[in-house]
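Student: The task is simple: from the sequences and hints, build the whole structure.
Sequence lines, in order, name chains A and B.
With my numbering, the residue at position 47 of the first sequence is 76, and numbering never jumps.
With my numbering, the residue at position 173 of the second sequence is 192, and numbering never jumps.
There is no bait here: all hints are sound.
Each computed PhoX-like pair below joins lysine-lysine, with the alpha-carbon atoms no more than 25 Å apart:
hint	chain 1	residue 1	chain 2	residue 2
1	A	K167	A	K115
2	A	K166	A	K125
3	A	K115	B	K210
4	B	K210	A	K123
5	B	K291	B	K371
6	B	K168	A	K159
7	A	K155	B	K319
8	A	K107	A	K159
9	A	K167	A	K125
10	A	K155	B	K210
11	A	K169	A	K115
12	B	K243	B	K371
13	A	K107	A	K155
14	B	K186	B	K371
15	A	K126	B	K210
16	B	K371	B	K22
17	B	K190	B	K371
18	A	K155	B	K168
19	B	K77	A	K41
20	A	K58	A	K93
21	A	K126	A	K159
22	A	K107	B	K168
23	B	K22	B	K59
24	B	K179	B	K199
25	A	K125	B	K210
26	A	K107	B	K319
27	B	K321	A	K107
Keep in mind that the hints were calculated from the coordinates and are not lab data.
Residues per chain are reported as follows:
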Amino acid sequence: MLEEDQEIFITKGMVRADFDFWVGLVMDKFYDGLQEKKFIGTKCSKCGKVFLPPRNRCGDCFVKAEEFVDLPETGILKNFTVTTYKITERKIRKVKKDIMVGLVQVDGADTAMLVPIVNTNPDNLKEGMKVSVVWAKKLKGDPQDIAGFEPVGDG
Amino acid sequence: MDKVGIVGYYQVKPGLDIMMSPYEMIFEAVRGALDYADLKRKDLTTVISATNDYYDGKTISNCFKVEAGGAYMKDESKVEMDGAHAAMYGLFRILSGNHKLAMIYGISTPSCYQYESVRVLENDPTFDRPINLLNSYTSGGMQMRAYMKAFGISEEDIAKVAVYNLKNAAKNPLALPEAKKADITIDEVLKSDILSTPLRELMYPMKCDGATAMILAPERQALKITDNPVWIIGVGNVNETYYLGDRDLSVSLSMEMAAGKAYEMAGIKDPKSEIDVAEVFGHTACEDLIIAEAAGLTDKGKGISMVDRGNLNPSGGTMAGYTPCANGLTRIVEAAKQLRNEAEGHQINGAKMAIATGQVGFCAQNNVIYVLERGGN
Chain A
30 MLEEDQEIFI TKGMVRADFD FWVGLVMDKF YDGLQEKKFI GTKCSKCGKV
80 FLPPRNRCGD CFVKAEEFVD LPETGILKNF TVTTYKITER KIRKVKKDIM
130 VGLVQVDGAD TAMLVPIVNT NPDNLKEGMK VSVVWAKKLK GDPQDIAGFE
180 PVGDG
Chain B
20 MDKVGIVGYY QVKPGLDIMM SPYEMIFEAV RGALDYADLK RKDLTTVISA
70 TNDYYDGKTI SNCFKVEAGG AYMKDESKVE MDGAHAAMYG LFRILSGNHK
120 LAMIYGISTP SCYQYESVRV LENDPTFDRP INLLNSYTSG GMQMRAYMKA
170 FGISEEDIAK VAVYNLKNAA KNPLALPEAK KADITIDEVL KSDILSTPLR
220 ELMYPMKCDG ATAMILAPER QALKITDNPV WIIGVGNVNE TYYLGDRDLS
270 VSLSMEMAAG KAYEMAGIKD PKSEIDVAEV FGHTACEDLI IAEAAGLTDK
320 GKGISMVDRG NLNPSGGTMA GYTPCANGLT RIVEAAKQLR NEAEGHQING
370 AKMAIATGQV GFCAQNNVIY VLERGGN
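Tutor: Here it is, written out as structure tokens:
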């Protein structure tokens, strides 16, 4: 057992290893679409389900879902949460401004994607409200091109 | 399925910072389980662990645990999931007919890493990781909102579950000391810090260092070891999609299907009346209800009734201390203790049939359930 004044030694890891991810052909197309302010989903060749973000297969039918579908910039807020904590931090720390997180189902898609909700305040959020994409000022062809979704009209 | 017996177990008392190395904890758990069952290390034929390379900060995280886990020069493997999944792997080893005694353990030491940050590394690296919005707080918040909306549940109802769990923890000698809250009130829970709306700090389990070990044996072998083993008579496991945006978060379809399989195997027709006690692994007080409902213990949206009856998580569940990689295994051990009348301070009288669950992934993506029956007298 430890004595009261005994010191505990904690060692630090000493390796840094970066890792790249090959996103795949379907996500590559999706990334390219973002740079042109377009949402590109995929459609299951059997059940017709439309995925956004896209996947190259339907897990249920287990067939290819490689038909690309252009989707609009509007959708429905299916679910949301507002967090007061940073998503990733070596120490969990509070944020200065609350982060609004939404699950948005873009019109014509059958799945919802996790996106920031912007240009409103947490009290205005409600499930089922209409939202529209806000693109980042500088487009780079990656998921951060989606600055967020904002309420449309009175929601 | 042939009966498989739970013949021994041991839980290292959890702590926010236990000040033991993982290897010291594993040795205490494994040695403790062997001693409890009056067995020797040489009796073990296989050792299966649940650990996580990211949580351990090293790859092939089991390679350095061989001696501590009792696996020196033995058949050994691990699962990078929950302890309840390691138990399933051990169960299959036993059912193969090739093994007479399986040691299962799960361990993690979140005092050494930022659990919430590390969980972000579970995310889809092509979208959710770069967009950086998904962690245990935000997924728990959205799941709670979905459940409340689907069934007309209030924040007070979820706070009531948290109070129930924390009060149960106060009666559990192996609960995290900081989680033992005999005098907690609904009001205190509702006034605790918001993690991610509507999820609050006191509805969310404290992460702590801990290790749990359990020993499985085939029926004949089990009866040589003890007069009152706990029998595993049913098991089910189903994995659903990773994508939260594909799923109805107010329910757990994968647990519902897994429970269906396990009950069929166990010959359980009506879980509501036949299951005396349940130990379920939820990531939040709300998820405890979703899992209990999916396991058929109550109708959907009525999980709160189990709190009134008092047969859900008598140990306090994960709210009594959330030990990554060991949670599901601890639930099985707690259920087994109930069936052996060993649950000191939190015993449900006359419990004969129990379920225990484990899971892995955001909003309980992958669920496993065990049906356990009291053996012997």
